Each structure stands twice: as structure tokens, then as C-alpha cells.
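Using the numbering used here, you'd call the opening residue of the sequence shown number 1 and step up by one each time.
No lab work stands behind these hints: they were computed from the structure. Bear in mind that the values here come from a model prediction, so they are computed numbers and not experimental data. Check each hint, because a few of them may be wrong.
For each label pair, taking beta carbons as the anchor points, the in silico distance ranges come out as [unchecked claim]: (1) L13 x R42: 28 to 36 angstroms; (2) N20 x Q43: 25 to 33 angstroms; (3) L11 x A41: 48 to 56 angstroms; (4) F10 x I54: 28 to 36 angstroms; (5) I51 x N6: 47 to 55 angstroms; (6) E47 x L5: 43 to 51 angstroms; (7) L12 x A41: 27 to 35 angstroms; (8) M46 x G3: 44 to 52 angstroms; (9) N20 x I51: 36 to 44 angstroms; (10) M46 x I2: 47 to 55 angstroms; (11) Q17 x I55: 46 to 54 angstroms; (12) E49 x C14: 36 to 44 angstroms.
For every residue, glycine included, the Cβ atom is placed at its ideal position computed from N, Cα and C.
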Amino acid sequence: MIGKLNILLFLLLCIHQSLNRLKKFATILPNNCLPSRFDAARQTVMEKERISEIIWNIF
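Construct all of the structure, not just a fragment, from the sequences and the given hints.
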């Protein structure tokens with residue numbers, strides 16, 4: 001039981017350190033960098049869905 005708790009505490013510590021590193025990295029990025037990429041990805045997904053709907057409507 002103590003071994004499992006040690007493993008869980010170790011994993012939580014690793015996650016905490018990773019989140020801190022990500023926060024530091026995110027502060028370096030320009031403000032509009034990530035949202036614009038997510039918007040572009042969402043737009044391409046929507047375009048693919050629209051094209052597939054058009055193809056299904058043709059047949």
C-alpha cells in the first residue's frame with residue numbers, strides 16, 4: 001500500500017513539474033499563436049465534414 005502511494009505521489013509531482021514547464025513555455029508564445037492554430041484546425045475539420053456531406057448528398 002505504501003509503495004502504491006509513493007508511486008502516486010511521484011506521478012503527481014511529475015505532472016506538477018510538467019504543468020509548470022508548460023506554463024513557462026506558454027508565456028513565451030505570442031498571445032494569438034495557439035488560438036489561431038486551433039481555429040484553423042477546427043475550420044479544416046468543418047470543411048472536411050461539409051465536403052463529405054456534399055458527397056453523400058450527390059449519391
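### Distance restraint evaluation - M46, I2, Cβ atoms, bounds 47 to 55 angstroms
holds (51 angstroms)
### Message
A range of 27 to 35 angstroms was offered for this pair. Does it hold for the Cβ distance of L12 and A41?
### Response
holds (31 angstroms)
### Task
Please test the hint of 44 to 52 angstroms on the beta carbon pair from M46 and G3.
Roughly 49 angstroms apart at Cβ, these two residues keep to the hinted range, so it holds.
### Task
Using the Cβ atoms, figure out if Q17 sits within 46 to 54 angstroms of I55.
Taking Cβ atoms as reference, Q17 and I55 lie about 47 angstroms apart, which means the hint holds.
### Query
Do the Cβ positions of N20 and I51 conform to the proposed distance bound of 36 to 44 angstroms?
Given range 36 to 44 angstroms: holds, Cβ gap about 42 angstroms.
### Task
Using the Cβ atoms, figure out if E47 sits within 43 to 51 angstroms of L5.
Holds - the Cβ-Cβ distance for E47 and L5, about 49 angstroms, lies within 43 to 51 angstroms.
### Query
Is it true that the C-beta distance of F10 to I54 lies inside 28 to 36 angstroms, as the hint says?
violated (52 angstroms)
### Task
Kindly confirm whether 36 to 44 angstroms is satisfied by the beta carbon distance between E49 and C14.
holds (37 angstroms)
### Query
Between N20 and Q43, is the Cβ distance one that fits in 25 to 33 angstroms?
holds (32 angstroms)
### Task
Starting from the range 28 to 36 angstroms, see whether the pair L13 and R42 falls in it by beta-carbon distance.
holds (34 angstroms)
### Task
With 48 to 56 angstroms as the target window, see if L11 and A41 comply at their CB atoms.
Given about 30 angstroms between the Cβ atoms, the range is violated.
### Message
Quick check: does the Cβ-Cβ distance between I51 and N6 fall within 47 to 55 angstroms?
### Response
holds (52 angstroms)
Figure legend: structure checked against the earlier numbered hints; hints not met, in rising order: 3 and 4.
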